[in-house]
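Fit chains B, C and D to the given chain A structure using the hints.
If you read the protein sequences in the order shown, they are chains A, B, C and D.
Taking our numbering, the leading residue of the first sequence gets 1156, the next gets one more, and so forth.
Taking our numbering, the leading residue of the second sequence gets 1156, the next gets one more, and so forth.
Taking our numbering, the leading residue of the third sequence gets 1156, the next gets one more, and so forth.
Taking our numbering, the leading residue of the fourth sequence gets 1156, the next gets one more, and so forth.
Simulated from the structure, these hints should not be mistaken for laboratory data.
Every value quoted in this text rests on a predicted model; they were computed, and no experiment measured them.
Be a bit skeptical, because a hint or two may be false.
No distinction is drawn between identical chains; accordingly, a pair holds when it is met within one copy or between any pair of copies.
[What the hints assert, rightly or not] Derived pair list, reagent style DSS-like, types lysine-lysine, alpha-carbon separation capped at 30 Å:
| # | residue 1 | residue 2 |
| --- | --- | --- |
| 1 | K1176 | K1429 |
| 2 | K1360 | K1434 |
| 3 | K1171 | K1429 |
| 4 | K1176 | K1253 |
| 5 | K1434 | K1302 |
| 6 | K1183 | K1302 |
| 7 | K1183 | K1360 |
| 8 | K1302 | K1176 |
| 9 | K1302 | K1211 |
| 10 | K1183 | K1305 |
| 11 | K1211 | K1305 |
| 12 | K1211 | K1176 |
| 13 | K1302 | K1171 |
| 14 | K1360 | K1176 |
| 15 | K1305 | K1360 |
| 16 | K1360 | K1171 |
Number of protein chains: 4
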Amino acid sequence: MSDARAILLVHCPDQKGLLAKITEFIYKQGGNITYIDQHVDLAEQCFYLRAEWELKGFALERGEIGAAFAEQLGSPLSMTWRLYYNDQRPRMALMVSKESHCLDDILARWSSGEWAVDIPLIISNHEVLRPTAERFGIRFEHIPVTKDTKAQAEAQALELLEEEGVDFIVLARYMQIISDQMVQRWPNRIINIHHSFLPAFAGAKPYHAAHQRGVKIIGATSHYVTAELDQGPIIEQDVTRVTHHDRVEDLIRQGRDLEKVVLSRAIWQHLNRKLLVFKNRTVVFV
Amino acid sequence: MSDARAILLVHCPDQKGLLAKITEFIYKQGGNITYIDQHVDLAEQCFYLRAEWELKGFALERGEIGAAFAEQLGSPLSMTWRLYYNDQRPRMALMVSKESHCLDDILARWSSGEWAVDIPLIISNHEVLRPTAERFGIRFEHIPVTKDTKAQAEAQALELLEEEGVDFIVLARYMQIISDQMVQRWPNRIINIHHSFLPAFAGAKPYHAAHQRGVKIIGATSHYVTAELDQGPIIEQDVTRVTHHDRVEDLIRQGRDLEKVVLSRAIWQHLNRKLLVFKNRTVVFV
Amino acid sequence: MSDARAILLVHCPDQKGLLAKITEFIYKQGGNITYIDQHVDLAEQCFYLRAEWELKGFALERGEIGAAFAEQLGSPLSMTWRLYYNDQRPRMALMVSKESHCLDDILARWSSGEWAVDIPLIISNHEVLRPTAERFGIRFEHIPVTKDTKAQAEAQALELLEEEGVDFIVLARYMQIISDQMVQRWPNRIINIHHSFLPAFAGAKPYHAAHQRGVKIIGATSHYVTAELDQGPIIEQDVTRVTHHDRVEDLIRQGRDLEKVVLSRAIWQHLNRKLLVFKNRTVVFV
Amino acid sequence: MSDARAILLVHCPDQKGLLAKITEFIYKQGGNITYIDQHVDLAEQCFYLRAEWELKGFALERGEIGAAFAEQLGSPLSMTWRLYYNDQRPRMALMVSKESHCLDDILARWSSGEWAVDIPLIISNHEVLRPTAERFGIRFEHIPVTKDTKAQAEAQALELLEEEGVDFIVLARYMQIISDQMVQRWPNRIINIHHSFLPAFAGAKPYHAAHQRGVKIIGATSHYVTAELDQGPIIEQDVTRVTHHDRVEDLIRQGRDLEKVVLSRAIWQHLNRKLLVFKNRTVVFV
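So that you can see chain A by itself, here it is in the shape it has in the complex (with noise of 0.2 Å):
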């Protein structure tokens, strides 16, 4: 493919010369760098990077880059990091429960061609949008959920979600726990959206709080999920002004629009490799 790019995230303790060292290995097999951008958390010590460059006139084959900066600068400069190519399509499976909009707009994107993603499954507890998954032609299964079938329900979702192959998960409004075992499988993988400017309202019924608390403005946070509920690293906020005219409802009708395009925004981030995370943090690469 003509205009394939490789795409390279790495985070290492800061040093001298770590900016000066990628790019000169890029640069010296022939890579065109055609997106490079960097930082350095001064408090933390911590090297950032995100560099992008064109796999034409490269003069290492994919199945040798990643050997190749392993040896020459991962290894010895204890760096994390991860080799992708622009033109891998990754699996994204949608959690979803009653609430449409989420997951309405995220399937118009995947259908216009706004996003290059495959759609293999979408897992509920109500039969609710079974609909709109069929209108897509998407796999859909449900899988309710009790108190007591918890656990087994997640089991199923967990074999499902094996079976598709799935890269990563997108929690569209699914309003249920996500067990520790299924964060561990999906490390930084789980894409929620919390309907309240997180920390703020974490927790159920957040619109009803703001209400009570008489906000002026309310919001709604992206973040990867992880083992403590709504504390996970945040991706993405907005916000939107509310008055005293404004009754839970109209909350609940104006953050349904904050919701879809937060949560958008932050699977556009990571479909587009712009996310690294750490210490609890994103790094949000422009």
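Then chains B, C and D, alone, in the frame of chain A:
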């Protein structure tokens, strides 16, 4: 004064015909209404209204309006109401600590004539901002506060505030907790600015906490002070985007601009009698 | 229908007592007002009002309200007014071209029941979006438009719109200029989305122009269509920050999210009878 | 000075390896890079870079860095570049008219030590703001401007600005057109604030024009002054929502807060050497 106007603020249990009755009251006396806005909280069954009308051509003298309103409407309909005149200049005291940005912003608006307010007194627990006060010829009183002298210091402040006949107090980054006694003396008349998007990051060092949590948006909140720290009715909030590049000191720098603008908007709304408080929430008339 | 409500929109030359008279009219017939908001444009000496009240318990039947209002208030006070009922479902036609994001957003809201509207017809000058229409079972008519067939194409569109008894039309990125004849047939009832912050970058290729000018913020504007291109009354606008990193295609990508949300807000306000137009400006009731 | 740092700004035709070469240059001399950011405009084939590194431990003396960089990289690679030091205090002149809000904001930041800048001179075509200048002990020169004396007045201003050795000039709502001669003397070093969201409402009375057009959002724009009025490279913009309730005077009042914040952000970026101009657009480094 030819463009003098009366300002009426009302809240009461909702019932049919309240708006008709109040507009009728003003209209029958020949009042030309230049502003009227109302709000019904259906959940709380509560009615709120703000009206403004010209005194010119109004059949009642200033001294008579309150009694007439009370007799005809206020008492029979169990209204909580206040009557103001737009040509009254309220007396505002400022309490500050070491940070100058909010004080500077307030004094600039005052000295340029943007606000119709008198500032008879600035109280501070430090000497740092005395030159600022002196630059504008405003009385500055230094009342040091330590753990042991806290009660005594506040007694001294109260005395000065009473002596100057202060109508309301602005805590322009005062950073000290106010006693219940003082809150009860000026209920819904002490305005604070908190340097976070409440209820997130209440308490000390909110920018450090925001940085630690990795939020993508920071905020500032102005609210009336109540007995519980950072729990009073919110008047105004605003936010700004931040990124992983922003260190704590960058949040502090950007936050200063938020704080001063959010505080000054709240003061403007208070000065213009735009605010009603009920059940720990504000109605902010446009 | 037990929670049926009447919605009254009024504008007229301002004079004393208008609000009292209108609320009195509703109140005397036993109407329970669930919403009332008014605005006086002092410069134009114009009065605007929107009221909503329950039909249950109201002394007049639906068929009688208009005549009674006209006789008692509308005619004597030279009012321009309209009466709606919240349980009427308007018929909305969509005109689209090749871009799917606005159409997708509208159909998602419609199919999820977020909006109480019927969509009998989608007209397009291309075939591209037919599958989307079919997915939702909505009539899709392809009317190609060329320079030479423009008049004929519009005549065909008009006929279809009349045939379907359309109340208002949404140009969801239709990208074709609408004739005066059509505008006059649906005055203030054709809603367009323009992909810039009007009046900046009116006309073609606004994202290219914005990039060229080096703006730091881009926007989208929904407005009623009038005879002059991109000059109609603005209903809603929103913006998003961009940087020097953003190429034209990045502006287009980010702009899509603005466009669909801004257009959908405008449709929601139109559907809920929140909009009044006077002298090329809108009053947007909350 | 122990935390002294060099700041390098570069732009040049893009080619492979630029970043590697520049970081190598700093790294080989023992420089500890505390900031580096680069941007490639692929459409223009132009490369931009900003780097900051500690002088402590750097092998070259201040006086030698420029020559070494020019010889090794600047000249061979056709770079346009500038070298600054973070401990240099630029000299900023202010030109004002009658409006105080921008001036007040600037002087507050200066006097509180928020900005590392000297302000040797304020020039005004009116006497109104002399007391403000005097309050801060800053030289204030009144140079009246009339149609007939315009050229002469500007000659006088130029002389004063030269006399005070001014590095850059801020038009803090000066409201007079600047001559080409002056622009050429301080190219990309005269910062203006325009009270609209450019390119909308360039020229006089933008708030009146915005009100007339019925926009739902107003803005402010800071830009470098060029020969064409309101056409220079945009540095920063911001916006705020308005409604039909807002009269022209309300737009003016709310706009003041936008103007002062947008102007001060632009000054901060200029002071911190964050800005590069190319083809009438700015690169704003974070």
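Status of each hint after checking the structure:
Taking the shortest alpha-carbon separations for K1176 and K1429, both the intra-copy value of 21 Å and the inter-copy value of 25 Å come in at or below 30 Å. Taking the closest pair of Cα atoms, K1360 and K1434 come within 30 Å of each other both inside a single copy (28 Å) and across two copies (20 Å). In this assembly of identical chains, K1171 and K1429 lie within 30 Å of each other by CA distance both inside one copy and across copies; the values are 24 Å within and 23 Å between. Within a single copy, K1176 and K1253 get their C-alpha atoms no closer than 50 Å, and across copies no closer than 46 Å, so neither meets the 30 Å cut-off.
For the homomeric pair K1434 and K1302, neither the shortest alpha-carbon distance inside one copy (32 Å) nor that between copies (37 Å) is at most 30 Å. Taking the closest pair of Cα atoms, K1183 and K1302 never come within 30 Å of each other, the shortest separation being 58 Å inside a single copy and 54 Å across copies. Neither within a single protomer nor between protomers do K1183 and K1360 lie at most 30 Å apart by alpha-carbon distance, with minima of 55 Å and 40 Å respectively. When the C-alpha separation of K1302 and K1176 is checked against a cutoff of 30 Å, the pair qualifies neither within a copy, at 54 Å, nor between copies, at 55 Å.
Taking identical chains as interchangeable, the C-alpha atoms of K1302 and K1211 are never at most 30 Å apart, the minima being 54 Å within one chain and 43 Å between chains. For the homomeric pair K1183 and K1305, neither the shortest alpha-carbon distance inside one copy (54 Å) nor that between copies (58 Å) is at most 30 Å. Proximity of K1211 and K1305 under a CA criterion of 30 Å is satisfied in neither setting, with 50 Å inside one chain copy and 47 Å between copies. Taking CA atoms no more than 30 Å apart as the test, K1211 paired with K1176 passes in both settings, with 21 Å inside one copy and 22 Å between copies.
Taking the closest pair of Cα atoms, K1302 and K1171 never come within 30 Å of each other, the shortest separation being 54 Å inside a single copy and 47 Å across copies. Taking the shortest Cα distances, K1360 and K1176 never come within 30 Å of each other, neither inside one copy (50 Å) nor across copies (39 Å). In this homomeric assembly, K1305 and K1360 come within 30 Å of each other (Cα to Cα) only inside a single copy, at 21 Å, whereas the closest approach across copies is 40 Å. In the homo-oligomer, the alpha carbons of K1360 and K1171 never lie at most 30 Å apart, since the shortest distance is 48 Å inside one protomer and 32 Å across protomers.
Checked against the numbered hints given earlier, the structure breaks hints 4, 5, 6, 7, 8, 9, 10, 11, 13, 14 and 16 and satisfies all the rest.
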